[in-house]
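Please work from the sequences and hints to get the whole structure.
Numbered according to the working numbering, the sequence shown spans residues 1 to 427.
Hints may be right or wrong, so weigh each one.
Said to hold, decoys possible - Simulated pairs of lysine-lysine, DSBU-like, Cα-Cα distance not exceeding 30 Å:
1) Lys90 <-> Lys66
2) Lys296 <-> Lys195
3) Lys186 <-> Lys176
4) Lys90 <-> Lys117
5) Lys117 <-> Lys323
6) Lys187 <-> Lys259
7) Lys67 <-> Lys364
These are calculated hints, taken from the structure and not from any lab test.
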Amino acid sequence: MDFSRRSFLTAMGLGTAAVVAGCSTTSPGGSSAADPDGPVEGDITFLCALFEGATGKETLEGNLIKKFNEKYPDVNVTVDYTDYGSLNEKITTGLASGLMPDVVTLGVGWIPPFAFKNAIAPLPEELATRYTYEERVLEPSRYDGTLYALPMVLDTRIVAYRKDFFEEAGITDTPKNWDELREVAKKLTVKDGDKVTRVGFDPFSIDLRQCWETFLFGNSGELFSPDGREVLFDSPEGVASLQLFLDMMADGSADFALKTEAGQPTTLQQGTSAIMMTNNSLYVQLQQQSPELIDKIGTFVLGNTDPAMLQGGTMVSQSATSKHPAAARAFVEFMGSPDAVLVSSEQRGSVPAISDLKDSDYVKGNPMVAFALDNLDKARSEGGTPAWMEIREKIKPTLETAIVGQQSAQAAIDQLAGIANDAIARL
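Right under this line is the structure:
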């Protein structure tokens, strides 16, 4: 039986909005139920979407939590391991059952929905300046000006390309805008008769939602208004960002059918693309699967009117209903500290969220991570509305209707805007 978040809520007689609305823990006086004062002790649970597998478990429990307990021996941390495919469902189920974990990992864009109804506790503002967090990194950790999470690791969406293919084609510079991208991609496309054997550009091997958002931001577009109550992506900039993919498919320089799934050798590795959208974890994948290509692959940040690099990642937050808020707060602070951030980044090949870690051996030894850190001034984040958790899961399938030819780019964006407006109206 497929026990999804939606089926659980249906069985409980609740919609997503009802669950979130029912999770508020604000007292009649307006103060949070989670008081961080008191002894740092007790049993707490940590819902964690990082540290996968046996190696990850040893890193978290055998290393990090062990160090945490050296300072706080009276806190017992129980870890509930999950992945991002199940994280939202687990949090929503916890809210519905009243068994919310004490500490949770959350994705970029997730803070407004859960802070909106006080499911997570605000954090002291001084934590934002304790370490060298870039302001672009802290932005998705806030809601309505209040800090609700500490950033741990970042996963940036960047453009990678084959230097050898560029050299063979006589191309000496990476494209600076969409016109140049289209021109270069056509030159780099290879055909065997009528069959395309290498596309010039692969925008489809990362999540289509994240790829489209990267191009939207690079075209001076926005997802939502600053207060998160108005849809802004149904602009000419938003439509053009999707239309670009259709145009490149039409001229043969991109092909939706050539995309690869996560974990498989990428089209860049297979030689079936010359340029592709990817993320900074590609370097680790190259080390493991194609070390001979490491020196042949370069990276750049692309934009049309403005260079933009989409910034995803994982943050750590405290539940507003923790029975041991002092222990939960202490663990959040520990997991957002440089030692924990560096270990977390190394385990996943991610970008550490603290700028001072640029000088670490890990960053110096991973050029794609170093590249991302050097370009955080161009980073943009998804989300920005309390309705994001409902909207985000609709973006990819709605955009794909245009990619597969079921409707135009304009119609797909209009449909998505309607979905988003309906979700916002239910807040």
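Provide an ascending list of the numbers of those earlier hints which the structure does not satisfy. none
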